[in-house]
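There are 2 protein chains.
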Amino acid sequence: MECPLCATNRGDLVWQDECCRVITGNDSAYPGYFRVVWSEHISEMSDLDACARRHFMDVVLAVESSLRAMMNPDKINLASLGNKVPHLHWHVIARFADDRHFPESIWGCEQRCAPTRSAPDCTVLAALISIELDRVD
Amino acid sequence: MECPLCATNRGDLVWQDECCRVITGNDSAYPGYFRVVWSEHISEMSDLDACARRHFMDVVLAVESSLRAMMNPDKINLASLGNKVPHLHWHVIARFADDRHFPESIWGCEQRCAPTRSAPDCTVLAALISIELDRVD
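Chains as they are written, first to last, in our numbering: chain A, 74 to 210; chain B, 74 to 210.
Hints in this document: simulated from the structure, not taken from any laboratory. A virtual CB, placed ideally from N, CA and C, is assigned to each residue, including glycine. It cannot be assumed that every hint is accurate.
Stated by the list, open to error - Facing chain A, according to a computed beta carbon distance under 10 Å, are these residues of chain B, among others:
(1) M130
(2) L134
(3) S138
(4) A152
(5) P159
(6) H164
Said to hold, decoys possible - Here are the computed lysine to any residue pairs in the SDA-like style, where the Cα-Cα straight-line distance is at most 25 Å:
(7) K157/B <-> G84/A
(8) K157/B <-> A170/A
(9) K157/B <-> E75/A
The task is simple: from the sequences and hints, build the whole structure.
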């Protein structure tokens with residue numbers, strides 16, 4: 074069976090380099106939900122060498138910092154699961170105390186109907202990601 | 074209200090350095106569940122400077138590598154959530170296709186009663202974590 078993260082972008086492309094891409098999570102309940110996908114089809118962080126691990130986390134945390142700056146969330150959730158799609162990718166999710174699952178994970182039980190929030194502008198988000206990465210290089 | 078991760082170890086101590094500690098997850102359904110806790114009370118990865126972020130992830134991924142070597146799991150799950158306890162910590166979980174929630178996250182719906190598995194020997198785990206960290210330094 075073809076890997077869905079190899080076959081397509083699987084989300085709107087926000088940012089990319091030669092190693093990975095940032096895509097929208099496409100979940101209307103979570104406008105601050107993005108995925109960071111490693112380009113090569115591997116399954117675990119520890120399959121990467123030390124340099125690649127660090128670069129990938131730099132990108133993940135650049136998305137985190139950018140979402141904090143743009144959305145001022147109550148919490149950031151980070152996760153690399155891949156039980157259903159074992160192609161290395163991170164979930165970066167801006168969480169709010171009044172969102173659908175808070176304080177549960179977004180994979181837990183729904184707690185409430187949530188207010189609608191605007192998604193961050195993806196052009197601005199991409200620019201902030203690049204600025205954050207320049208800071209850590 | 075006092076932070077539970079500041080007040081106590083909150084799990085059996087497996088490994089520690091001056092920055093962080095590895096503790097058992099104490100979940101009988103998940104013997105390969107460990108937490109990596111940053112010592113200082115901060116809430117997000119992006120509150121750390123670049124050097125500290127990298128060290129913390131090196132420890133998280135040393136736990137991942139060690140669990141893979143000791144337990145040969147079907148998947149590793151990594152997560153930094155902190156919605157209930159906003160003191161920076163990572164969940165590192167060895168997952169098996171026949172465990173209680175697979176392929177859902179452990180915060181999702183239970184899928185089945187799971188077979189009992191042995192927990193890894195914490196002394197061996199601590200030794201492997203140190204060896205892994207020596208490799209990336």
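Hints, one by one, checked against the model:
no. : hint              : verdict
1   : M130              : holds, 5 Å
2   : L134              : holds, 5 Å
3   : S138              : holds, 4 Å
4   : A152              : holds, 4 Å
5   : P159              : holds, 6 Å
6   : H164              : holds, 9 Å
7   : K157/B <-> G84/A  : violated, 29 Å
8   : K157/B <-> A170/A : holds, 10 Å
9   : K157/B <-> E75/A  : violated, 38 Å
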